[in-house]
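Q: Chains as they are written, first to last, in the numbering used here: chain A, 1 to 241; chain B, 242 to 448; chain C, 449 to 819.
Any given hint could be a false lead.
Calculated lysine to aspartate or glutamate pairs in the DMTMM-like style (CA-CA distance at most 25 Å, straight line) [to be verified]:
#	chain 1	residue 1	chain 2	residue 2
1	C	553	A	145
2	A	137	C	533
3	C	554	A	239
4	C	582	A	145
5	C	582	A	87
6	C	684	C	741
7	C	661	A	145
8	B	444	A	239
9	A	114	B	418
10	C	582	A	239
11	C	468	A	145
Which bits of chain A does chain B cover? Going by a derived footprint, with three or more residues having C-beta under 8 Å, they are [unchecked claim]:
#	stretch
12	44 to 51
13	86 to 96
14	137 to 150
15	159 to 166
16	172 to 183
I should point out that these hints are in silico values taken from the structure, not numbers from a laboratory.
Cβ coordinates follow ideal geometry from the N, Cα and C atoms, glycine included.
This is what each chain is made of:
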Amino acid sequence: MQLKSWLARVAVPLGLILAGVAVAVYFVENPGGAMAARVLSYPKVIRLINEHLLMVVVSSSLAIAAAVPLGILISRPALRVLGIIIENIINVAQTVPSLAVLALFMTILGLGFKTAVFALWLYSLLPILRNTYAGIKSVPPDVIEAARGMGMTPLRILTRIELPLAYPIVMAGIRTAVVVNVGTATLASFIGAGGLGMMIISGISVSRPTLVLCGALLSAIMAILFDNVLGQVENYLLDRG
Amino acid sequence: MDFWSFVNSRWDKIFALTIEHGVLILTAMAAAIVVGVVVGVLITYYNPAAHAVLYICQILMTVPSLAMLGLLIPLLGIGFWTGVVGLILYSLLPIVRNTYTGIREIDPAILEAARGMGMNERTILLKIKLPLALPVIMAGIRTATVMVVGIGAIASYVGAGGLGEFIFRGISRYNKDMILTGAICVSVLAIAADLILKLVEKKASFR
Amino acid sequence: MIKLENVTKVFANQETPAVKNLNLHIKKGEVCVLVGPSGCGKTTTMKMINRLVEPTEGTVYIDGKDTSTVNPIELRLNIGYVIQEIGLFPHLTIAENVATVPREKKWPAERIRQRVEELLNLVGLDPQVYGNRKPADLSGGQRQRVGVARAMAADPPILLMDEPFGAVDPITRAKLQNEFLRIQEQMQKTIVFVTHDIDEAIKMGDKIAVMRKGELVQYSTPEELLSAPANDFVAKLVGKNRSIKRLHLIRVDRVLGSNHNVPVVKKNTPVRKLEELVDGSEIGAVLVVDERDRLLGLASAVDIREAGGGVAGDIYQPLPNTIGVGATLSDALSVMLNYGEGYVAVVDKANQLTGIITLGFLLGLVKEDAA
Ligand SMILES: Nc1ncnc2c1ncn2[C@@H]1O[C@H](COP(=O)(O)OP(=O)(O)O)[C@@H](O)[C@H]1O
Ligand SMILES: [Mg+2]
């Protein structure tokens, strides 16, 4: 029984990883011409995947680490006005296209991996921050009132009532942010940060569809993989209370 | 300072690219709205198909837009229509999903009353369901439009024109003023589209 | 137990005070109902007791202690609190909800489990069935019960209840009210109960505080409120059919006392003595009780005259028309109508005679109102 549920849990991520490996192997073995073969070698593909993963993982974890505490902070009643101001700023900032964000930071910070990570960090900060704030604000006021009236301290109300109730919304924000992040990271190649975008860009510029397809499949698989794993983390934490 | 002189010297180009960007988006959105609403309505009549269609749309969304546009090149070549098709594919999910849920969330009592009064399905759809779901559909259209303004900038890379040209040309020549102009114009366009459609959405929900 | 002294609350950015110079003294074991139109300051008054709202002026004492000197968390952990919206925690089970305060007080797990079981049983919810459900799986009435159970979890001497039965249908509400009265009879808590429904106030309250625009208009027992409204406002609030309301809402045990002249005699009283007494009786009979005041029956003037001698215990006849102390005056009236008699004896659980209600008394009430 337990083995079965454990298998069910790892089956999908494992399958996705295998699919990713299969895609990489297939395209390296069948690059479709010498031009594409220059990018489609094992060391190069592995390097691009690593760069992409690193960009996504670093920017996303830093975004979570910053956005969740910040969201909690601005949802405190004492900072009500600040919360509303930040919420509105986020709403506007989120409509700014990802390419524009990357381009803007490039003009300030120059080309490179660090610039990309910073821009991706800022861009994924927004949905997580917004959902953390909205999730805590969505806790019905009478629930908070009842908790206060029964003598729970503000800290206990936060940890036992507000955060558990906001949790699904926070997690939804994190999942959206990470999936979007995987896609946006392909654009980071334009500002010299490497990653799977390199395959797509070179594929377009030398018109080799195999390159584009390989980059597209690998980044899509990566996005689905992150989404699935985060979904399982969400359920796992939910079960443990 | 350099920036302003750049902007001043390129007014005509900025104007032309903005118009190009607008045409790209409007073309894509017009098609996406027609297709998205029709599909969204159709799948409300058959639940298994609904889940399949929504799932496919969701998977489409995980494909990075740059890759999606690149994959269209072997099929459509480089140019305006490649961009349009790419944008349509991305805008479908929010429109289909919101049309579907907007109709699904109508109070069943209202529909029962309509049937009880002898309205046929066609009339119910046109006179009851679509008007009631309109605010939700409008919200989906807004999400899609804002997204498409951004992807439209990426579509410049596959020859669809528009404000993305400033950004890509700026990057390749390392011309900061050019990049800045492109990024700011696209952002302003996205924010403006968001605000305007928010107003339209409000109008739609008042009725 | 609870004392509010010259308490005033002015909310920030407001000119008129929400509560104005209020004085209220609530005795231990009493149910004090705050009643009045919406916005008159009932909730604000109640929240000043557990310091969810701090008074602008004045002092609130609990057991003689100024509450502003007590840590608010400490204070609240010892005051049960039920609000209209109930505010059950949607992500916790019913059992976990009820366990909230004991957990905050760091009771041992086993004691909490026992207490939760006991409380759910008390409010009529089977812990086996409902303990592990989430609030969303319960009906409105059941949620209200859980709210009450949660408030009583750590056995606080004081309960604050803000329109606790406001969100349920009238039939469920009546049921919950009756259950609540039953529980209160056992528990004898000091309760502050807020409602805008004057009928509920009369039914539930030992004392009723009528409020208007932040001020206390009248503070009295339900009977006084009905028989002597302090002013037009109270009279209007109580409504037109005051006498009917009194019959429906007032419990018989509240009006027992010197409202009749029916002699009560022990069973060993000589019949000769009865002859004198029965003349003064409003119902032409005397009631006979045993040595422990348990009701045996009644001896009518005719019985007494025919007997000639002996003691009361020999001549009484059983009396079927009795009611319990918890019944209302209208229950009393319908028993009278059923038996075609102008009186009904009131007995407690042990069948001890606690009083008698006569038709004359009920008529008197109605006349008083008509005047
Ligand atoms: N937190 C608050 N801030 C400002 N005004 C309040 C607040 N709570 C209540 N009031 C005002 O105080 C008055 C009394 O409110 P309340 O005590 O809730 O009345 P009731 O419970 O009798 O309906 C109302 O005019 C209300 O608007
Ligand atoms: Mg109130």
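Q: All hints, please: hold or fail.
A: Verification of the hints:
1. 553(C) <-> 145(A): holds, 19 Å
2. 137(A) <-> 533(C): Given pair residue 137(A), residue 533(C) holds - Cα atoms ~17 Å apart, limit 25 Å.
3. 554(C) <-> 239(A): With Cα atoms ~24 Å apart, residue 554(C) and residue 239(A) stay inside 25 Å; holds.
4. 582(C) <-> 145(A): Answer holds: residue 582(C) to residue 145(A) is near 19 Å, not above 25 Å.
5. 582(C) <-> 87(A): Between residue 582(C) and residue 87(A) the Cα gap is close to 32 Å, so the pair fails against 25 Å, i.e. violated.
6. 684(C) <-> 741(C): violated, 42 Å
7. 661(C) <-> 145(A): holds, 24 Å
8. 444(B) <-> 239(A): Not OK: residue 444(B) and residue 239(A) at ~43 Å, beyond 25 Å, violated.
9. 114(A) <-> 418(B): With Cα atoms ~21 Å apart, residue 114(A) and residue 418(B) stay inside 25 Å; holds.
10. 582(C) <-> 239(A): Roughly 15 Å separates the two Cα atoms, so the pair holds.
11. 468(C) <-> 145(A): holds, 24 Å
12. 44 to 51: That given contact is violated, which follows from only 0 residues of the stretch 44 to 51 of chain A lying within Cβ reach (below 8 Å) of chain B.
13. 86 to 96: Coverage by chain B holds here, the residue count being 3 at a Cβ distance below 8 Å.
14. 137 to 150: violated (count 0)
15. 159 to 166: Violated - the stretch 159 to 166 of chain A has 0 residues with a Cβ nearer than 8 Å to chain B, which falls short of three.
16. 172 to 183: Since 3 is at least three, the answer is holds.
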